[in-house]
Every structure is written in C-alpha cells, then in structure tokens.
Amino acid sequence: MKRNQILTIGSIVLLFLFIGYANGHLNAYYIRILNNTAIFLMFAASYNLINGVTGQFSLEPNGFAAIGAYTAAILTLTPAQKEAMFIITPMVPWLQHIHMSFFPALIVAGIVTAMVGFILGFPVFRVRGDYLAIVTLGFGLTIRVVSNNTMSITNGPLGLKGIANYTNLWWSWGFAIAAMIVIMRLINSEFGRAMKAIRDDEDAAIAMGINTFKIKMIAFVTSAFFEGIAGGLLAHLITTISPTLFTFFLTFNLLIIIVIGGLGSMTGTAIATVLVVWGSEWLRIVEQPMHIFSLTIPGIPGMRMVIFSILLIIIMIFAREGIMGQKEFSWDSLFKLFKTKKVANK
Amino acid sequence: MKKLLNILAVMIAALMFMSTGSFAKEVKVGVVWPMTGPIASFGQMAWKGAQIAQAMAPKTKDGATIKLILLDNKGDKVETANAVSRLITKNHVKAIIGAIASGNTLAAAPIAEKNHIPLLSSSATNPLVTKGKEYVSRVCFIDPFQGTVAAKYAINNLHAKTAAIVVDIAQDYSVGLAKFFVESFKKMGGKIVAKTFVQTGDQDFSAQISAIKAKNPDLIYMPTYYQEAALFARQARQFGLNQVIMGGDGLESDALLKVGGKAVEGVTFTTHYDPKATASKVGKEFLKKFKAKYKVDPDAMAALGADAYLVMVNAINRAGGSNASSEAINKAIRSTKNFHGITGVLTLVNGDAVKSAVVRKVKDGKFVYVTTVNP
Numbered sequence: 001m002k003r004n005q006i007l008t009i010g011s012i013v014l015l016f017l018f019i020g021y022a023n024g025h026l027n028a029y030y031i032r033i034l035n036n037t038a039i040f041l042m043f044a045a046s047y048n049l050i051n052g053v054t055g056q057f058s059l060e061p062n063g064f065a066a067i068g069a070y071t072a073a074i075l076t077l078t079p080a081q082k083e084a085m086f087i088i089t090p091m092v093p094w095l096q097h098i099h100m101s102f103f104p105a106l107i108v109a110g111i112v113t114a115m116v117g118f119i120l121g122f123p124v125f126r127v128r129g130d131y132l133a134i135v136t137l138g139f140g141l142t143i144r145v146v147s148n149n150t151m152s153i154t155n156g157p158l159g160l161k162g163i164a165n166y167t168n169l170w171w172s173w174g175f176a177i178a179a180m181i182v183i184m185r186l187i188n189s190e191f192g193r194a195m196k197a198i199r200d201d202e203d204a205a206i207a208m209g210i211n212t213f214k215i216k217m218i219a220f221v222t223s224a225f226f227e228g229i230a231g232g233l234l235a236h237l238i239t240t241i242s243p244t245l246f247t248f249f250l251t252f253n254l255l256i257i258i259v260i261g262g263l264g265s266m267t268g269t270a271i272a273t274v275l276v277v278w279g280s281e282w283l284r285i286v287e288q289p290m291h292i293f294s295l296t297i298p299g300i301p302g303m304r305m306v307i308f309s310i311l312l313i314i315i316m317i318f319a320r321e322g323i324m325g326q327k328e329f330s331w332d333s334l335f336k337l338f339k340t341k342k343v344a345n346k
Numbered sequence: 347m348k349k350l351l352n353i354l355a356v357m358i359a360a361l362m363f364m365s366t367g368s369f370a371k372e373v374k375v376g377v378v379w380p381m382t383g384p385i386a387s388f389g390q391m392a393w394k395g396a397q398i399a400q401a402m403a404p405k406t407k408d409g410a411t412i413k414l415i416l417l418d419n420k421g422d423k424v425e426t427a428n429a430v431s432r433l434i435t436k437n438h439v440k441a442i443i444g445a446i447a448s449g450n451t452l453a454a455a456p457i458a459e460k461n462h463i464p465l466l467s468s469s470a471t472n473p474l475v476t477k478g479k480e481y482v483s484r485v486c487f488i489d490p491f492q493g494t495v496a497a498k499y500a501i502n503n504l505h506a507k508t509a510a511i512v513v514d515i516a517q518d519y520s521v522g523l524a525k526f527f528v529e530s531f532k533k534m535g536g537k538i539v540a541k542t543f544v545q546t547g548d549q550d551f552s553a554q555i556s557a558i559k560a561k562n563p564d565l566i567y568m569p570t571y572y573q574e575a576a577l578f579a580r581q582a583r584q585f586g587l588n589q590v591i592m593g594g595d596g597l598e599s600d601a602l603l604k605v606g607g608k609a610v611e612g613v614t615f616t617t618h619y620d621p622k623a624t625a626s627k628v629g630k631e632f633l634k635k636f637k638a639k640y641k642v643d644p645d646a647m648a649a650l651g652a653d654a655y656l657v658m659v660n661a662i663n664r665a666g667g668s669n670a671s672s673e674a675i676n677k678a679i680r681s682t683k684n685f686h687g688i689t690g691v692l693t694l695v696n697g698d699a700v701k702s703a704v705v706r707k708v709k710d711g712k713f714v715y716v717t718t719v720n721p
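Here the protein sequences come in this chain order: Y and F. Residue numbers for the first sequence follow our numbering, beginning at 1 and rising by one. Residue numbers for the second sequence follow our numbering, beginning at 347 and rising by one.
Incorrect hints may have been included.
Only pairs whose alpha carbons sit at most 27 Å apart, straight line, appear in this in silico BS3-like list of lysine-lysine [to be verified]:
(1) F:K622 with F:K559
(2) Y:K82 with F:K477
(3) Y:K82 with F:K525
Here are the simulated distance ranges between beta carbons [as the list claims (entries may be wrong)]:
(4) F:N437 with Y:L312: 24 to 34 Å
(5) Y:I12 with F:K541: 48 to 58 Å
(6) Y:F103 with F:V695: 37 to 47 Å
(7) F:A601 with Y:N149: 24 to 34 Å
(8) F:F585 with Y:F103: 36 to 46 Å
The hints are simulated quantities; they were obtained by calculation from the structure and are not laboratory data. Built from N, CA and C at the ideal position, the CB exists for glycine as well.
Let the sequences and hints guide you as you build the complete structure.
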C-alpha cells in the first residue's frame, strides 16, 4: 500500500516537473493544447462522476460551464473594462464595481455553480433515466437563453471580452490534478461505493438503506463545482466568452470523451481527453494540401471530422465499453503485468 | 528489364525535381475561416473570393508567391484560438486573415496582439473587435455606420417617421445593429414605436407581428439573419402588415428569396457589395473571374474575403515585399489609404475600414442595386 502511494505522489511530482519544463521550453501552441487538455480533463472527469460512476445520464455540463465562466470572468474584469464593454445596456452597478483576483474568482465561480447545482438537484432528481437526461438538457438550453437575455449581467449575445489571460499551465494542471484527486478519493470512499450501487441497481440500493437522493446530490454538486472552475479557467484561457460558446456541442464533446474512455473510469477519461483534444489538432494535417512528388492533393476542410467519426465507430465496435470499461489504472496491476511476463520468459 | 528500371529511375528523379524544384520565395499568410459548422457557408464563400483574388494577384512586387494556409475554425472560439496559435508558432506566418464572426475574431485577437502578428478580418462588424487593439484590423465597415446608413435611407428616401424594431436576441450582430439604428433614427427625428424580440431558429412570429400591427409604424427595421427575416415577412404579409421591411447585410442570401417568395418583395437592406455598383477595374475583373469559375455572382462575403486578401498583398508590397516583417506589414495595413478594392474605396482608420455602403432591395425575386451611401 505504501509503495503505491509513493509511486502516485512520485508520478504527480514528475508531471509537475514536466509542466515546469513545458512552461519554459514548449512553444505557445503546444502550451495552449496542454491547457485545453487540463480544462477538458476537469470537465470530463467531473461529468463522468455523475454520468459514469453514479449512472445518472444527464446533459447539463454546458450550463455549469457557462455559469462558472461568466461568474469568474465578471469577477476578474475591472470596472472600467465592464463600463466600456456594456454598450447595449449598462451593467447592474453592484456587479460592475466588484473586482477580485484570479484564484478567489475561480473558487467563487465553483461555489456559485455548485449552489446552482444544489438547487437544480431538487427538481431533477425526482426523475430517473431518460427523463433526467431531458430535464438536464433543458437546463443547459435555459442557461443559454438566460445569458442571451440578461444583458445587464452577461452583456447578452455580445459576450464579454478582454478577460485577462490568467490561465497558465500551473493553474490549469494544478486544478485538474486537484479535481482528479478529490474525485478519485470520493469514488473510493463510502459515498463512492454507494454511487456505484445506485448505478448498478437503484432499487436494490434503496432496499439496502442507501439514501439515493443524498448520494446523487453529492455527485451532482461535486461535479458542478469542478465544472464551474473549469469554465472559469476556459474563460481566462480564450479571454472572450459569449453564449454561443456554451451550446449543446460542448456537452456532446464531453459525452464523446467519457464514452470513449469508459463510463465510470477516470483513467479512461484521462486517456480519452488526450485522444480527443490532441487528435482533433493533430488531424489538421489531413485538411492541408499534400504534395506527393509533383502530385498535389488539395486539402478538404472537414476531413478530420470524418476521420474522427470513423475512429469513434471503430472504438465502439471493438471496445463497446470504451477504452477502459469500468476499470481503473492501478500500480498493483502494472506490477502484476511485469511479473507474469517474467514467468512467461522463463 | 534494366532499361525499364532506368527509365523508371529517371522518371522518379524528374518528378522529385519538379516537386522540390520550386525553390521560389514565398510569403506565408494564414487564413482562419469556418469551413465547417453553423456558419460554414460564410467561410466557404469568403474562401472562394480570396482564391479568385489570389489568382488575380498571386505574387508580391519582388516576385515571391503568396502562400495561403487555410485552417478551419468550425465557427468556434476555442478552435479559432488553437488555429491562430498553430499558424503563428508552427507555420510561422507573417500575417493572418480571419475570422468571419466578430466573436471568433475577438478570441483570436489577444494571440495576435501578443505575438505582434497582424490579424485582418474580412467581416467582423462589431465595434468592439478593434477597440484598443494594435494588430487587429478589418476591411468591412462597422455596425454603427451600417445603422446610420439605414436610418438615413429610411428617413430621406422612404420618408419614414415611425419605425418598429425586430431584434434577434441570440445574435450579437443583430443586437448591436439595432441599437445603432435606433440611435441614429431618433437623432434624425424619427420615433421608435415598438421593439420586439425574436430568437434564432424561431418559426412563429405572430406575437411580434400583432404587437407591431397595433402601433402601425411606417417601417419595420429587422437586422436579423435571412431565415428569420424570410419567415417573418411571410407571416407579416398574411396578417396584413405591408410596411417596408429593412435590414442589414445578414439578409443577403438566396435563401431569403427562396423561403420568402413574394412576401420579401421590397425588402431593403444595407450591405457591403453589389456587383452592379462595381466601377473599378479590379472589381470588374473579379466579377468576371468569379462568375467564370463558380457560375454565380459573388456575394458580400466573397467580395470581402477577396478584399482582405488584396489589402494584405498591398500592405506586404508597401512594407517592402517578401522580406517585410510582421510589424511593418501591420503598419502598412493600418495605414491603407484610398485603396481601390472589390467592395469600393477603403481607408483604414484605427484598424476600421471607412468606406461606402450599398443599399439593395428585392425586386421581382432578385436583389437589385438601389444606391451607394458614402461615409
């Protein structure tokens, strides 16, 4: 047990050493991709907590991301910036004068989102299964309509711009690792076992005396908290947000990640995040004109989406439960793998 | 057999020579436009226009080829930021053309600013895009100007005294344009009697129509995109609302005519370009080449895409040709003066193009040229 803990801490230290190296040596493009990876990892891991681990198929992360992004952005923008930006309707005064630094703004964003998740939990967990999906989908759409219409808070469809570019590798990976640790600890706790019980058979879980509503709420609020922070990080990475950023497509992307990785597996989520975020950038080469000797193949825009879809189909055919299924990476199984290999060598 | 191999070897060598033989100098210019996704049609049209423009002026004054590297941004902010970052750090472009939508251009702007790479948008009309920026410019006019032109035309040519506004609350473009129209219209003595809201994707407008009908305005100003405007016009005419409908460049699409049919007859809008208003030599050449290749008239997006390219080439030439630095190109772009482009004569002031607008209207199921309004 002790060996495993040392190994885990060691690999986290190694990751941060790499980030320190990357910060100084990699070019801006790769740093951007690494930032995207961390943010999407946070989104996907917290989404997987409610969808995969607890088995409550919901479709709300774009709503939570929007709340987190708007809260954090409004808090870090200076009053002067806000005044210059709200050209349609002036901002409500108390919000205009509020100003915070990055870290507290992110925490507030997380708390606000968690609170919205808490309030939302009461009505939505009265339904199960497909109905839950529809209700939470409705929430995601509602948030978008609200952000378009509350012009004195969100600047409506014009969105917010000039958000300071605070998100760097330390912030994004720091929060992503923190989120992963909290979520993993939660999964391996008493609550986590209850979540899995609910996923496998909700009625049986009730019969065993589990307060399913409370457990679902814990998963939902935790997931909302981290999605809110991830939204805030995203806003400070791309420096401009508007309601169009938080459409159903964001949720859809996250859904692809957790399904490829395996519903309920955080290891799978991490692998799939890297695959999806890096893959869609790497595949840009297929959209560029290619020169093979004197033969020029013109680039076809949209080609990477086609290849991506084909890969998805292949994964779904050959690994129906995603890359990792419900399994997690563990040091024990890694060592076991080496041991059996040694035996085979003899 | 040996002979055959020899021939083959020679052929391969020749092919390789041909492919690597193009050692000519080139200037790399990145292009970030939506080729897929919800606003793909705009990006594709602009790309067609830019390609025709490239065929017209493929080289700098010192003979270097201009190489356009097109990256798709799917109309998405994150993708736009990724693409711009990739162009700068991996492709080492000297300058970037893009993006189409104002929101995406805003996402690209801080990266361009940080790396001191000029970013030239073809059609981001939101006034916020270039505000406080040193490396962001555009070849289109901005929404306040378009709103003013529409208000002037409404009062002077249509003799409207009262107007009703229909705003698409989900589009930054619509909200901005409506605001600037209202300001100018009021300043010129007009009165806004009704303000109603729709949302992209709406199908039924009966509530808005009855609200407007109760006030009986002289004019309906509807700066939305074509889908909503076409459906709105159909329903308005059914309800007996026969006032002139005016709008912005978002109405310009064949879909407006197809969906709207007879109901959109008389719909008037301000826009960037009309093939008939083209007087310049370069404009005529563009029109001819575009029609020959794509068999349709170029629209505003295509013309603006071409103008973005031409302004860029002109700036590179003025900055010293193929060896010009990004800084020098940026300076040249921003000091463009009286440049005869496809969409008219343009001068850049603080990165915004000051140029004339065109008023077009629907007549007999076609877009026809009405007038040109100078700034």
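Checklist entry - So does Y:I12 sit 48 to 58 Å from F:K541, Cβ to Cβ? => result At roughly 56 Å between Cβ atoms, F:K541 and Y:I12 fall inside 48 to 58 Å, so the hint holds.
Checklist entry - Between F:N437 and Y:L312, is the Cβ distance one that fits in 24 to 34 Å? => result Since the Cβ atoms of F:N437 and Y:L312 sit about 28 Å apart, the hinted range of 24 to 34 Å holds.
Checklist entry - For the pair supplied as a hint, Y:K82 and F:K525, is the alpha-carbon distance within the 27 Å limit? => result holds (18 Å)
Item to check | Cβ separation of F:A601 and Y:N149, checked against the hinted range 24 to 34 Å | outcome: Given range 24 to 34 Å: holds, Cβ gap about 27 Å.
Item to check | Pairwise beta carbon distance, F:F585 to Y:F103, judged against the given window 36 to 46 Å | outcome: violated (56 Å)
Next on the checklist: A range of 37 to 47 Å was offered for this pair. Does it hold for the Cβ distance of Y:F103 and F:V695?
Outcome noted: holds (40 Å)
Item to check | Proposed proximity, F:K477 with Y:K82 (alpha carbon, max 27 Å) | outcome: holds (14 Å)
Next on the checklist: Can you confirm whether the C-alpha distance between F:K622 and F:K559 stays at or below 27 Å?
Outcome noted: violated (36 Å)
When the structure is compared with the earlier hints, violations turn up for hints 1, 8 and for no others.
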